[in-house]
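Colleague: Listed below are the residues making up each chain.
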Amino acid sequence: MILRIVRKEFTEMWRDGRFRLAAGIVLGLLLLALGLGWAGARQAERERAEADRADRAEWLAQGKRSPHSAAHFGRYAFKPATPLAFLDKGVNSYLGTAVWMEAHYQNPFRFRSAEDATSLQRFGELTAAVVMQLLIPLLIVLLAFSQLAGERERGTLRQLLSLGVQPGVLATGKALGVAVALGVVLVPAVLLGVAALSVASPEASVSWSLDRFLLLALAYLLYFGATLGIALAVSASVRSSRVALLALFSCWMVGCLIVPRLAADVAELIHPAPTYAEFQKAVNREFKDAGMPDTIPDTKKRAEIEQRALVQYNVTRAEDLPVNFDAIYLQEAEVFGNQVYDKHYGDLWDIFERQNRIQALSAVVAPLSALRPLSMGLSGTDFAQHRDFARAAETYRRSLVERLNLEMRDKAGKTGYSYLSDAELWRSIPDFTYAAPGTSRVLGANKLNIALLVFWFVTGCIAAIVAIGRMKAV
Amino acid sequence: MIKRIFRHDLRLLKADKTLIVFAAVFAVLIGYAVASGLIWANERDELVRQWYADGEQYLAMNRQVIADIEQGKTPAEESPFADWVFAVKLPAALPPAPLTALSVGRADLDPFTATVDLYSKKNELFKNYETDNPTTLLAGRFDPTFVIIYLYPLLIFALTYNLLAREREDGTLLLTLAQPVRLRHVAIGKAAARLFAALTFVIGFTLISLLVGGVDFAAPGVGLGLVWWLLLVIAYTLFWFAIASWVNARGSSSATNATVLVGVWLLFVVVVPSLLSIAVTSFYPVPSRLEFIRQMRSNDNEVGRSSKNLLEQYHRDHSELVPDETVNIQSRFYVLAEAQEGRTLPLVRAYDGQLTRQQNLVDRLRFLSPAVVMQEATNAIAGTDRARYHHFQKQVEAFVDEWRAYAVPRSFRQINLRSSDYDSLPRFGFQEEPDARVTSRALAGLLGLLLPTIVIGGIALRRLRRYPLVESR
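Same order as they appear, the protein sequences are chains V and A. With this note's numbering, the residue at position 397 of the first sequence is 397, and numbering never jumps. With this note's numbering, the residue at position 120 of the second sequence is 120, and numbering never jumps.
One thing to keep in mind: the hints can contain errors.
As the list claims (entries may be wrong) - Computed spacing ranges between beta-carbons, pair by pair:
(1) A:T256 - V:G28: 34 to 40 Å
(2) V:A49 - A:V212: 54 to 60 Å
(3) A:L345 - V:E319: 45 to 51 Å
(4) V:A49 - A:F217: 53 to 59 Å
(5) V:A61 - A:N328: 26 to 32 Å
As the list claims (entries may be wrong) - Computed footprint of chain V on chain A, listed as stretches where at least three residues anywhere in the stretch have a Cβ under 8 Å from a Cβ of chain V:
(6) 41-51
(7) 123-134
Stated by the list, open to error - In silico lysine-lysine, DSS-like type, Cα no more than 30 Å apart, as pairs:
(8) A:K14 - V:K288
(9) A:K122 - A:K89
(10) V:K64 - A:K308
Quick caveat, the hints were computed from the structure, so don't treat them as lab data. A virtual CB, placed ideally from N, CA and C, is assigned to each residue, including glycine.
Build out the structure end to end from the sequences listed, making use of the hints.
Modeller: Take a look at the structure:
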């Protein structure tokens, strides 16, 4: 019975010129977005690999220099794009791609691609995720709004119900009919996505990517299912198809356009973040209060550290120290600075994550607010992923600076800053490597979003079945 | 006749509560958007004020330290470098334009503060990014421009999608046309009624919200800017009404009308801007930022290696500055900084050049979408477009030159500052752009909206002649 309904619905939709036109446009946009995203991602990865190579070359070509100068020259870390970033750019455009790892400072990431763009950027970028999150629901609304209300207006609903079709069967049949019609658009796109993935990523990460791709597909299916269920429910409950269409468009406008922005505002209101000026002032004040400014060493603090060094090396005078004292002081300042940065950056990023949780809570009103963070998380383009990379880069920075400071401590002796190291030392320090977090961690961080998405899917199904069950034939 | 239809339709709209519902929706959306915009603008204002205040406080503190040493209250060894010229840090910031509340534009992305001192490099002046949550930046601001460009057309559609189709579906259209009245008059009358309602709500609620929000209409730039903004909103409204009239004139059912209207909205507001963006970045691709970093690092290395040569070169070029061969460390750093800037600045200029070319192409192609036309014009009025930011950047760079003219000779001649010198240091003051630029952009936007409106309206009226008065099943 269900299959019969599905076949009838699909044939009717397929013969409708409007559907073919709309589906063709959406499919075209989706393929365009996929193609552009994939080409852009390949280009970006090529540039990044080249930048990594060049950075190592510059690091080795420093010539003879004191270890502390080398620590100031530092290294650059370039954020790699995850293989699925071509599907969903997430917040990457609003985050820097490169960070300068130098002594004394935990620098912010620089060069956000959103800045290096014209004002058109504010209209949003056309990615596969945007097409699927905004346009496919519209297509679903177009296909589903007159499924039941239209039948009632045409008078065929009475005949249909008189046949004794169960509401559940009718609901499933109609839903599957729309789903098959939608499949005309989605299946080619999915196949293309899988093909792009296998071509783009290196062997090792294909399984990682396919895992996530399947989970992404599942998440989007839940989202589409929820939209379809709600659309059918509205179509069954409302007097005329015209009102159904209006109501569904309004829901789309509120759920996809208004709620995300409103939620961002509310989140900022509840958990305000410090401004740049406040952040800098707070950090500088901590340094000043502890007497450890980065440039001129404070005499009292320096004396304290000197005392400790004398005890540690069992000598009575600073001149007798077997190691270079300036380096000891530099490392102490470094350790102090690290805990200051840990605290302030940690607090700032915690506030961001709390804001994101509030935004995710708005999914109670709009399923897109649950899908979007999940989609970003699985594609590896959300803030949590960036934070992980920043943390890894910071860990490397600390180990790099410590290595250089210790070199100065052990080898510089009395020559101090005039002691010069050469490429042998630069070569001996390993490069920065990074491994992205696993899928289970992403899923764990997105528990709320997954739950809300499932909730919406179940609600959609139940609403559709109940509404069809309560339908009046006339 | 049209007037009678106009009044009658308004009465109908009032009777079926349509007007009340729309009034409420407009009030809420616009009220919230204006409030949100005003809050943002006030915060930005406060940040700029605070930046200058902090800068002045630092200078005052330094001045006090020098004064104390001069008066012998503290020994000079405690702050050995306080009176050196490199210790002076001068604040510069871009204040928000009077009508920033209307459109946040790019202003939440571009760094708007800078500090100028002896070692400032023009390629590194603007790196103070605000600590904004990237997820919030991605979502975008709920400002009046967002409501007008994205949501307002959808509301217009809700008002007009069944302009004629409803009467036809109800059967009253034939009855009406049995009277001595032409179809086009009926259509114009009904459209005018809804146009009047929409404009009253939008303009009324915006002005009320701005008033309640405490905007001073008499302040310089506010009155004129608001007038331009209102004219643009009216033109934008007329455009979408023209589109709605054309869709109605095609004679389809109201459901089809609604679908086509949403499709047109998607085309102009989502698809065309994205395609435009792709087009401009393909024509004028921006050089790779990562390559830029590599060049910068390579320059730094090169400069570091050849510092001795650089100093000699500087001696030769500026023999008037260096009385003898010994150069103090402050001046040495300055020479290195200037050399790094000299090597890296051309890269920055090349970068900016490509972006400018991209923006110029956008300026020419923006007439393909009313949404882009509206956004560009509104950003110009609100002072949050790229042009004003460039204006600010140029002024800060000029100020760097001004400061160097003051500080570099003093640095090389080892002339340190006295506390009285601190009272006459140059300060940065932002000069607003001439009004003419904003006016020309707003005017171009207005024309870019009105001309297509007239054309589409004409097509709609012509199409009405073939309007099917009876629905074909």
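Colleague: Go through the numbered hints given earlier and state which of them the structure violates, listing their numbers in rising order.
Modeller: 1 and 8
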